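A.B. asks: Here is what each chain is made of, one letter per residue.
2 protein chains.
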Amino acid sequence: MSDDTYTPPRVWKWDADSGGKFASINRPVAGPTHEQELPVGKHPLQLYSLATPNGVKVTVMLEELLARGFREAEYDAHLVNILEGDQFGSGFVAINPNSKIPALVDHSTAPATRVFESGSILLYLAEKFGAFLPGDPGARTETLNWLFWQMGTAPLLGGGFGHFYAYAPEKYEYPINRYTMEVKRQLDVLDRRLADHQFVAGEEYTIADMAIWPWYSAVVRNEAYDAAEFLEAHTYRNVNRWVEEIGARPAVQRGKMVNRTWGDPAQQLRERHDASDFEKRTQDKLATEEA
Amino acid sequence: MSDDTYTPPRVWKWDADSGGKFASINRPVAGPTHEQELPVGKHPLQLYSLATPNGVKVTVMLEELLARGFREAEYDAHLVNILEGDQFGSGFVAINPNSKIPALVDHSTAPATRVFESGSILLYLAEKFGAFLPGDPGARTETLNWLFWQMGTAPLLGGGFGHFYAYAPEKYEYPINRYTMEVKRQLDVLDRRLADHQFVAGEEYTIADMAIWPWYSAVVRNEAYDAAEFLEAHTYRNVNRWVEEIGARPAVQRGKMVNRTWGDPAQQLRERHDASDFEKRTQDKLATEEA
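As given, the protein sequences belong to chains A and B, one line each in that order.
Residue numbers for the first sequence follow the working numbering, so the first one is 1 and each next one is one higher.
Residue numbers for the second sequence follow the working numbering, so the first one is 1 and each next one is one higher.
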């Protein structure tokens, strides 16, 4: 890549026309662009999300909590269409000033509690229900180490590698090399960890697995970026073992469907308001196929 | 920028010669490169770090704890020279398999507790001492929201904007535009938040401020990237107000000096093993100046 004629201006100016596939959702300013109230369903927990890896973390957690018998984890999952700018509506910005999914409101507290950033939501739910975060201090700290690790690595995996390899308007060699090196390093960090441990934080399934799995399973299973061969994802054998093990969990499979609007229609549950919605979706699909 | 001839290979291969200023510290594999034991000082808390923004978060927290009277927060801060590969030594990898500073070991627990990722360390210390993290559930959640927000934004600010604007071997227009837009958005998110609140999480000084301040104060004060004019950093008036307010705290000024190896020699304390080291540093400097 040669670009030796470019010199940044003294002061940067916004050119709204550049930016590739997700250009319409990137802005140099924060705050709402329009008035838009958020829907509120019947459960105390109201989730506003989309089935990106960050969204899936939280729906997996909620489905796991329900599978473990925590009935107070019942939730409404409302679809936030980020390509249509729902995240810039006044109601959404009020619960997440950063305008990113997922965002959660817990109406069981007085006043209601807003929770944003997927890692913060996982920790909030783990502490609220006392689940998927070990009680032993050492194991708890190790779980949080890896939860924070994921928060720092995903922007380089998704916003870096994913953007430049799959979504940017052109293929730029230098950024692709930069972020490929980093993603392979991340995969190797995980692979070495999972060589000696069943789960990321040790021998217990935790919110660290829930945070990390959606991002790296998408790479390993080639569900994102079409980069599995490029990254030689199959060579990270322990990561592959763990991806399949976690992916076989029914709660994970349910969590992946919620707020999904792309891919196999049989795997999409655009909104989720009740546990029975998963069965209804299957029945609807069968009815459609029989019709 | 035009690069229409580049097509990524089917499988990526490492070219160790590319990568710009920090190329020597980026690798596509994890794990140790050499045997190297870590020094252990006299205090229960052993920090292995460098005065980058992520390192400063933790030294500020420790100095704030000491200033508030928590004598058990006394610590040894050992220098990790990342340009010389100290982070790939076997001892360091054993406490942080991700090979990034800062990393902390708490020897007051049995067994000793390793803590890595700056956000995890801040949360660990806040919970250990019951300080700088509100006890009120709503305020605690809001603090954690912003702590996690910082973990997700810094890779785009430092690894994205900082790299392409200041450190990459060439100036590439597309990545610079991409990350400039994001950094300005982050500054605006903060600016709006700080318009209505003295501190990031509300009216109390917390670990969220400690996490966010080192990164954005470096931009606003033009201590990193030489990009203050390019970003029009002075226009974020509430961020500027907050940067100065936090920056005036004596504990913050001490924290910034620890494990610093560049800039004004009067502001460097390469290793810190005792509170008196700050005064000794000043005395040494005066002696040198008088000699």
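None of these hints come from the bench; they were simulated from the model.
Don't take every hint at face value.
Stated by the list, open to error - Under 7 angstroms between C-beta atoms, here's a sample of chain A residues computed to sit facing chain B:
1. V11
2. P32
3. G202
As the list claims (entries may be wrong) - Derived CB-CB ranges, DEER-like:
4. A:Q198 with B:A112: 17 to 27 angstroms
5. B:D15 with A:T7: 19 to 29 angstroms
6. A:A248 with B:E229: 30 to 40 angstroms
7. B:F278 with A:P44: 48 to 58 angstroms
8. A:P44 with B:H197: 50 to 60 angstroms
As the list claims (entries may be wrong) - Chain A stretches covered by chain B per the calculated footprint, using a threshold of three residues with CB under 8 angstroms from any CB of chain B:
9. 42 to 53
10. 78 to 90
11. 208 to 214
12. 228 to 237
13. 268 to 276
All values reported here derive from a predicted model rather than from experimental measurement.
From the three backbone atoms N, C-alpha and C, an ideal C-beta is built for every residue, glycine too.
A.B. asks: Against the earlier hints, flag every one the structure doesn't satisfy and list their numbers going up.
C.D. replies: Failing hints, ascending: 2, 3, 6, 8, 9, 10, 11, 13.
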